[in-house]
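Student: Line by line, the protein sequences are chains C and Y. Taking my numbering, the leading residue of the first sequence gets 1, the next gets one more, and so forth. Taking my numbering, the leading residue of the second sequence gets 1, the next gets one more, and so forth.
If you're looking for bench data, these hints aren't it; they were derived computationally from the structure. Don't take each hint at face value.
What the hints assert, rightly or not - Some chain Y residues close to chain C (C-beta under 10 Å, calculated; not the full set): (1) ARG17; (2) THR20; (3) GLY48; (4) ALA173; (5) ALA179; (6) TRP187; (7) PRO195.
Claimed, not checked - Listing some non-contacts, in silico: residues in chain C with all C-beta distances to chain Y over 10 Å: (8) PHE12; (9) LEU38; (10) THR58; (11) SER78; (12) GLY118; (13) GLY139; (14) GLY151; (15) ARG160; (16) VAL207; (17) ASP229; (18) ILE243.
As the list claims (entries may be wrong) - Capping the alpha-carbon separation at 27 Å, the derived lysine-lysine pairs in DSS-like fashion look like this: (19) LYS144/C <-> LYS4/C; (20) LYS259/Y <-> LYS167/C; (21) LYS144/C <-> LYS259/Y; (22) LYS144/C <-> LYS181/Y; (23) LYS181/Y <-> LYS94/C; (24) LYS74/C <-> LYS259/Y.
Think of the CB as a built atom: it goes at the ideal place given N, C-alpha and C, for glycine as much as any other residue.
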Amino acid sequence: MGIKASSLSKSFDEGKTFALKNVNIEISQGEFIAVIGLSGAGKSTFLRAINGTNSPGTGTLEVLGQNVTTLSGKSLISLRKQIGFIFQQFNLVKSLSALQNVLVGRTAYSPLWRSVTGCYHAADVALAKKTLDSVGLRGRYDEKARHLSGGQQQRVAIARALVQEPKIILADEPMASLDPKLSEVVLDILAAVNQQKNITILVNIHVLELARKYAKRIIAFRKGELVFDGKPEALTEAILEEIYHVDKATL
Amino acid sequence: MIQSSDSIRIKYFSLRRCFTYVSLILAIVMTYWATVAVEFSATKLFEGLPYMKDFLSRMWPPDTKILPRVLTDTLLTIQLAWVSTIIAAVISLPIGFIAASNICESVWLRRVTIFFLNADRAIDSLILALFFVSAVGLGPFPGTLALAVHSVGMLGKLFADSIESIDPGPVEALRSAGAGKLSTIRWAVWPQVAPHFISYFLFRFELNVRVAVVLGLVGAGGIGFLLTQYMRLFQYQKVCTVILVILVLVMTVDYFSSKLRRSVL
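Excised from the complex, chain Y in its bound form (with noise of 0.2 Å):
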């Protein structure tokens, strides 16, 4: 017979394993709450198969003779995301350097430029297309300005972390050898980061493509433009070829995107 031991029995009812206890049915009741409140059914899920049914056969065949039309918009979806990528990038370059520990030395400068770009992360995209289509009015500038701004938040914190992990070993070289602050950025700092700016400037204009096509849900030009419009006019089979075509852009960007960063780190 096993001899029990005290040290390795489990004890089921510690203040800690209380604890637990509590935690798990707090998610429980908190589930259930949260299932209710969003009007979670089956029965209604069930109910909607015909209709979902219905609206899947009204979009087949695609309707191609609409291509054209389609790949313009989706050219001007991928053009905006890219010019949003490339002003977010020419913005969050001195930034990133600001918001680093081991460049900037001003501890209050660094904080308020790190407290901009937290608040600038968490102001959606969408929220900030609204805005600029109330600014500037309807089309793909509103949300390339949206775009940008947004994406600074992420690139600038992007862009200071990867700063503030480089190797110091060449900083102190350069310092020994009498360099001055912009040539130790220039040749101890910026050849450790530079792989890596690239490949997160890749990674936001891959994200900025799919963000780029909901924009146009909210009149910001682009794809998402001409989908509202079909949805709108129920011209379902249209839709459906926006949406492959969709499914193909975000698809193809996503392949070469992270096929070219994993060749530049």
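Excised from the complex, chain C in its bound form (with noise of 0.2 Å):
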């Protein structure tokens, strides 16, 4: 169980430039990891090689015992729904409410009939009530989205990745719009499921503090490749100057 990637690499324009390089790392069940480095230095693509949204690139992922990069259809759908995503722009849709926002992460659990249709078992409507709740947000079910704040959708989306009963959250920078206050709040439910229910948690941040605040461990990207990994106390300056130096050339 847990994430292993092994000689991980994606490339754009035929190898000259690299999303991931060679990236190995073993993260096991209940893990809370940031994520950190320049935008463009992989983050983004790590994660989402984690959940296969991206295309597979060469080495292998495995994802709570199964091959990410050779998964397809139906197994890529049942390994997806153990997985939650939390987004930068929260990705909710703006005219649905709150509840059927939280509700679609529910589909892949539902027949398709139920999905569709929106006749979603009780169960599944008393789980997302309840998940809405626990996240602060008890009795704005019916609340149009659009008509949330920005801390309040991100709330819902972090509902919707919960509701799926995840095994693993990936947040991919999921305080970049909000205001720093409202991002402890953020990271401080995604601390509590980590701690409560064994969730593995990886959040791209680019907020030091809050990374070396909240994570256990962490990861940095540059340019494709891993270059760090480890405790926050052993994040030393000459590492950030590695990690967040930027060549004059690429700017």
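Since each chain sits alone in its own frame, please combine them into the complex, following the hints.
Tutor: Below, the structure written as structure tokens:
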């Protein structure tokens, strides 16, 4: 179980630039990991490789006991439903209610007729409501997503991921479009489910202090390569310089 | 004295400028040529004025006795436009999804569909009406078929365009949650495009009411058919009634359709 990447590479323009370059990493179930690095360093690509929304590269990537790079169709769906994904832009359907947005997380668990008609099983609806309660949106079920604030929308998106009852949650810069104060709310929720439900959390963060505060392990990408993997304390100035150093040529 | 600098002086004899002059002269020559071709004549227009006045005076007052008949046929025109727009919308719905690049992965299927939509739009509904009249005979049915077929071209294209311009975020969210293609379309695509679809549907209905009037002229039923009948019999007061009713019909449909469209978007 967990996640294990062996010489995982992915390149654009036939091997000239790498989104991921020879990544080797093992992540066990229940870890809370912050992923840091410059934009374009491969953080998002790595997260999207884990749930197979990016086309597979070379090497192997084992997630929850299955090799993602060879999965397709039904088996990919059955892997994805165990992985929640939280986006920077929330990616809610703005014209639907909070509850309908959360129930989207149950489509993969419901028969096709239920998910298409929106007649979800009563247990699914109850779970969705309970999950919205748990992220502090009790009683806001029927509010349209577009009428919620950014922070509330992101909490609906978190509820959508949680309602999948996932083993892994991938969060791609979930606080980047929120106020700094709200960032901690989002990370507190993720830290809580990590502890209570033993859900593996991988979160891309560009605020270093938050990464240090919440994560027990930090990994860093630079130009697709994994350049750091260790405890927050091990992250020295010299290493940070290596991670965040900007080439004049790339500017 | 203001110093002239070369950089801001307009160069009247540059290559670009010469090209503009040539285009302008060409446009004038072509307009003159076309005017001669259509036998445009101001004298003829002035000579025609008394006849116009005569025509209009014979139209007045409108014959209100035929109003019940006119209204029945107006209703038929609206029904014709409605049924044809419904048929077109039902056909266009799946076609729109097939023609949208973010839904349909097969490039060839998409290209063939878009080709047919373009070809369909290129054939005017009047031509289609003539074709269907000769196929199924006179009456409102050929008109309905003509309008339905022609409307698919426009609705299919507009549907596909609005599907292509959705926010891809929700689609990614559903795919990530393990949702299948149908559920993704239902919950990520449909809520985003439905208001646009309704708006386009109403707009097409609006157009179809107008076209349905014209289609009547070639025997495809409705109020236009009535108009030709009275014209042929030189019953100008009845013609006047029909024209006034058409005017009211078109304006009413436009008003309510645009109001509705604004409320759904």
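Student: Okay, which hints does this one fail, numbers in order?
Tutor: 1, 2, 3, 11, 12, 15, 19, 20 and 24
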